[in-house]
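Chemist: Residue numbers (the working numbering), protein chains in the order written: chain V, 78 to 359; chain C, 78 to 359; chain A, 78 to 359.
Just so you know, not all the hints are guaranteed correct.
So, partial list: chain C residues that the calculated Cβ filter (under 10 Å) puts toward chain V [unchecked claim]:
| id | residue |
| --- | --- |
| 1 | N113 |
| 2 | V115 |
| 3 | P329 |
| 4 | V334 |
Here are some chain C residues the structure puts well away from chain A; computed CB gaps all over 12 Å [as the list claims (entries may be wrong)]:
| id | residue |
| --- | --- |
| 5 | A194 |
| 6 | G219 |
| 7 | R265 |
| 8 | L340 |
Calculated directly from the structure, the hints in this document are not laboratory data.
Being a predicted model, the structure only gives us computed values, none of them experimental.
All C-beta atoms, glycine included, are put in the ideal place defined by N, C-alpha and C.
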Amino acid sequence: MSDRLRPESESTLAATAAELLSALRETPPLTHCITNTVVTGFTANVLLALGAAPAMVDIVDEAGLFAGVASGVLINLGTPTPEQREASLEAVAGANAAGTPWVLDPVAIGALPVRTALAHDLVAARPTAIRGNASEILALAGLSAGGRGVDATDTPDAAIDAAVALAVRHGSVVAVSGAVDLITDGHRVVRIANGDELLTRVTGGGCALGAVMAAFLGAARTTGTESLVAVAAASLAYTVAAERAAMRASGPGSFAVELLDALASVQPHDLAAAAHIEERAL
Amino acid sequence: MSDRLRPESESTLAATAAELLSALRETPPLTHCITNTVVTGFTANVLLALGAAPAMVDIVDEAGLFAGVASGVLINLGTPTPEQREASLEAVAGANAAGTPWVLDPVAIGALPVRTALAHDLVAARPTAIRGNASEILALAGLSAGGRGVDATDTPDAAIDAAVALAVRHGSVVAVSGAVDLITDGHRVVRIANGDELLTRVTGGGCALGAVMAAFLGAARTTGTESLVAVAAASLAYTVAAERAAMRASGPGSFAVELLDALASVQPHDLAAAAHIEERAL
Amino acid sequence: MSDRLRPESESTLAATAAELLSALRETPPLTHCITNTVVTGFTANVLLALGAAPAMVDIVDEAGLFAGVASGVLINLGTPTPEQREASLEAVAGANAAGTPWVLDPVAIGALPVRTALAHDLVAARPTAIRGNASEILALAGLSAGGRGVDATDTPDAAIDAAVALAVRHGSVVAVSGAVDLITDGHRVVRIANGDELLTRVTGGGCALGAVMAAFLGAARTTGTESLVAVAAASLAYTVAAERAAMRASGPGSFAVELLDALASVQPHDLAAAAHIEERAL
Numbered sequence: 078m079s080d081r082l083r084p085e086s087e088s089t090l091a092a093t094a095a096e097l098l099s100a101l102r103e104t105p106p107l108t109h110c111i112t113n114t115v116v117t118g119f120t121a122n123v124l125l126a127l128g129a130a131p132a133m134v135d136i137v138d139e140a141g142l143f144a145g146v147a148s149g150v151l152i153n154l155g156t157p158t159p160e161q162r163e164a165s166l167e168a169v170a171g172a173n174a175a176g177t178p179w180v181l182d183p184v185a186i187g188a189l190p191v192r193t194a195l196a197h198d199l200v201a202a203r204p205t206a207i208r209g210n211a212s213e214i215l216a217l218a219g220l221s222a223g224g225r226g227v228d229a230t231d232t233p234d235a236a237i238d239a240a241v242a243l244a245v246r247h248g249s250v251v252a253v254s255g256a257v258d259l260i261t262d263g264h265r266v267v268r269i270a271n272g273d274e275l276l277t278r279v280t281g282g283g284c285a286l287g288a289v290m291a292a293f294l295g296a297a298r299t300t301g302t303e304s305l306v307a308v309a310a311a312s313l314a315y316t317v318a319a320e321r322a323a324m325r326a327s328g329p330g331s332f333a334v335e336l337l338d339a340l341a342s343v344q345p346h347d348l349a350a351a352a353h354i355e356e357r358a359l
Numbered sequence: 078m079s080d081r082l083r084p085e086s087e088s089t090l091a092a093t094a095a096e097l098l099s100a101l102r103e104t105p106p107l108t109h110c111i112t113n114t115v116v117t118g119f120t121a122n123v124l125l126a127l128g129a130a131p132a133m134v135d136i137v138d139e140a141g142l143f144a145g146v147a148s149g150v151l152i153n154l155g156t157p158t159p160e161q162r163e164a165s166l167e168a169v170a171g172a173n174a175a176g177t178p179w180v181l182d183p184v185a186i187g188a189l190p191v192r193t194a195l196a197h198d199l200v201a202a203r204p205t206a207i208r209g210n211a212s213e214i215l216a217l218a219g220l221s222a223g224g225r226g227v228d229a230t231d232t233p234d235a236a237i238d239a240a241v242a243l244a245v246r247h248g249s250v251v252a253v254s255g256a257v258d259l260i261t262d263g264h265r266v267v268r269i270a271n272g273d274e275l276l277t278r279v280t281g282g283g284c285a286l287g288a289v290m291a292a293f294l295g296a297a298r299t300t301g302t303e304s305l306v307a308v309a310a311a312s313l314a315y316t317v318a319a320e321r322a323a324m325r326a327s328g329p330g331s332f333a334v335e336l337l338d339a340l341a342s343v344q345p346h347d348l349a350a351a352a353h354i355e356e357r358a359l
Numbered sequence: 078m079s080d081r082l083r084p085e086s087e088s089t090l091a092a093t094a095a096e097l098l099s100a101l102r103e104t105p106p107l108t109h110c111i112t113n114t115v116v117t118g119f120t121a122n123v124l125l126a127l128g129a130a131p132a133m134v135d136i137v138d139e140a141g142l143f144a145g146v147a148s149g150v151l152i153n154l155g156t157p158t159p160e161q162r163e164a165s166l167e168a169v170a171g172a173n174a175a176g177t178p179w180v181l182d183p184v185a186i187g188a189l190p191v192r193t194a195l196a197h198d199l200v201a202a203r204p205t206a207i208r209g210n211a212s213e214i215l216a217l218a219g220l221s222a223g224g225r226g227v228d229a230t231d232t233p234d235a236a237i238d239a240a241v242a243l244a245v246r247h248g249s250v251v252a253v254s255g256a257v258d259l260i261t262d263g264h265r266v267v268r269i270a271n272g273d274e275l276l277t278r279v280t281g282g283g284c285a286l287g288a289v290m291a292a293f294l295g296a297a298r299t300t301g302t303e304s305l306v307a308v309a310a311a312s313l314a315y316t317v318a319a320e321r322a323a324m325r326a327s328g329p330g331s332f333a334v335e336l337l338d339a340l341a342s343v344q345p346h347d348l349a350a351a352a353h354i355e356e357r358a359l
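Isolated chain V (complex conformation):
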């Protein structure tokens, strides 16, 4: 997979996203998640609704093996028990050995020492993608002490320098979630202004997006799409579904239900029609 993307217009990006969504549904990527206990069920449901095949394998002596056969891997640090910490390192080694793309979600690092140390070990293993809110990306880049939990206390654009630095340092695509998502590979930056504020009122609204990125990266291996585009496609599909869900929801409870229905019903051609994307060279 090349790390270089030919200049292309936003509409081309949305068109590629549409193709990736079709590819994902045709051959559901086996998406291996090591994620926190708060959001495991919701994350699996998001992947199933979208059309991917989730598997939550966070057991030592299984995770490494499984990462080798999976299409994509998510490592989310929300509740990093000792078992999960060891399984995460094992999974990353297995993924890297097999060339499986993997996503690091450094939940709430900065103030919390155990996950912060683990995140630094993991990022050194060069994740295909890193997803976090601005506070987490700043903390991972060493530019901030982090937020006060899973809240973003900074806006994505406040983290652009940190995101670019991480992308260059580790060869990763870095996605900063917020009202406008910011995604960079260190050379170009994509901004996506889709989504809805209700995503912040559902636990796992951000965590599940990391899993969707792993699924899209898995699908992208088959189509030969580069990682920046795959990560942007995941964000676009997810946030367009969120917009459709928000139109039907009466609050955060019904929004979560509608989001799953929308992830299942959103069609590739809907992505281009709804996309609010901007892509620029840095």
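Chain V is already provided as a structure; the job is to place chains C and A on it using the hints.
Modeler: Just chains C and A now, kept in the frame of chain V:
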């Protein structure tokens, strides 16, 4: 409880299922679940909706004791942490000592070594029932290396020989989930063609059925119903509720919500009216 | 914060509850939960819907630190793994050192030895509030062997002596959940007759209330409201939302969804209008 069932027509089986559902609601069976972190909440909600009393006790030095006082026990191997592995062995010992019926759900065994070893240890303790998809049942019988996770890559009828072999070897009722559920005690086979494809789009759709089987087996102790019939009754009640839910759902998110409502509202007499059951001697 | 409350009428209590709900939404209290794997997602969603900021930090070497910066802490013993047991003790030490209010929910103690021992250790550290059903409160006070799991097998009023004894012994507000919630600080008793039976058909219906109490206690630090009133306000807001949800629900599945929507939409002035509260000196 006898392991022999008098020959009876399908309508008799549905009638017995209806009686069991009434009995379960009259005296909610305390259903002890050791299950994976992905589906604990959904599983408990399925049991509560149906009318059973769930308790998720997966702690060493508690699980064995609790299995002795529970009406039925589920051991699901979806995320078998060291704590859960030890608690599972303890619970099975407690259940067997007390005569509590228990269900083994060997999630994703075959390719994953830790749970595969545990499943073989557990099955040797003679579960009252074993529930899995075709790949898992084939793997447990030693006839396949298993699927690629929780997906069934084989149809239930592809696993009939494996199911019968397991049933005979361990004295268990074996239930193979799929588009048509197959349930056997090694002497007879019941096929149930109820349900809906949306069950495969909700995480825990299969895992929660294992818990429902444990609840029905608990209720069956009181009524003296044999295990094959109790397991079939659980499948029937669950899949009939799923059909009713699917009629009202707009996608996988709303289906999960409607399934819980349907499990609460389905009445004993609905089972016979909706049943697509076939029962045969082997 | 004073442990003494000036005599005030029920309408004053509802008015204070309304003010607290406003304060909570204006400055979302960071609510640190160590809770069981069955209800983590639902609990976080309840807090987010209401307007609080949940963080589920149950990792050793993080939990103590985090309890020091959180606004309120919940320790729920539903699935007390070794990691969570150590993290709970650490969190309580951190909370007490920082003056952070904390809630103990002794789920299913009495019959289950590991959590019962832990609950006795924790209660000795003088929780700001204790929430449980009647069986659990009786067991914690040493007056009963406990229920058969998370069911209440006794009514709240059967536990009034136990609740008062615990309140006096440990300087805690004690809340006994049931059809009529009973809340006491050992000097006065508040009874709240709001809520709906559907809360008992959703897993986490009680556990999430413990988290809401931690959030209200966090908000109460800012407003200077005393703990008895904060705990009563949490119960009132939660049960009034439950009543509104029940009016729109068709069963336990849709009730859980509607409850989240109602927690987000319930307004401070709705509390006084709907309150069925009684407050008396002992």
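Chemist: Against this structure, judge whether each hint is valid.
Modeler: Hints versus structure:
1. Contact between N113/C and chain V, as hinted, is supported at the beta carbon level, the nearest pair being about 7 Å apart and thus within 10 Å.
2. Because the closest C-beta pair between V115/C and chain V is about 4 Å apart, less than 10 Å, the hint holds.
3. Hint status for P329/C: holds, given a least beta-carbon distance of 5 Å to chain V, under 10 Å.
4. Interface hint at V334/C: satisfied, since its Cβ lies 6 Å from the closest Cβ of chain V, which is below the 10 Å cut-off.
5. Listed as outside the interface, A194/C is consistent with that label: its C-beta sits roughly 21 Å from the nearest C-beta of chain A, beyond the 12 Å cut-off.
6. Consistency note on G219/C: stated as away from chain A, and its beta-carbon is indeed over 12 Å from all of that chain's, at 32 Å minimum.
7. Residue placement check: R265/C keeps its beta carbon more than 12 Å from all beta carbons of chain A (closest about 34 Å).
8. Its beta-carbon lying about 8 Å from the closest one in chain A, L340/C breaks the requirement of being farther than 12 Å from that chain.
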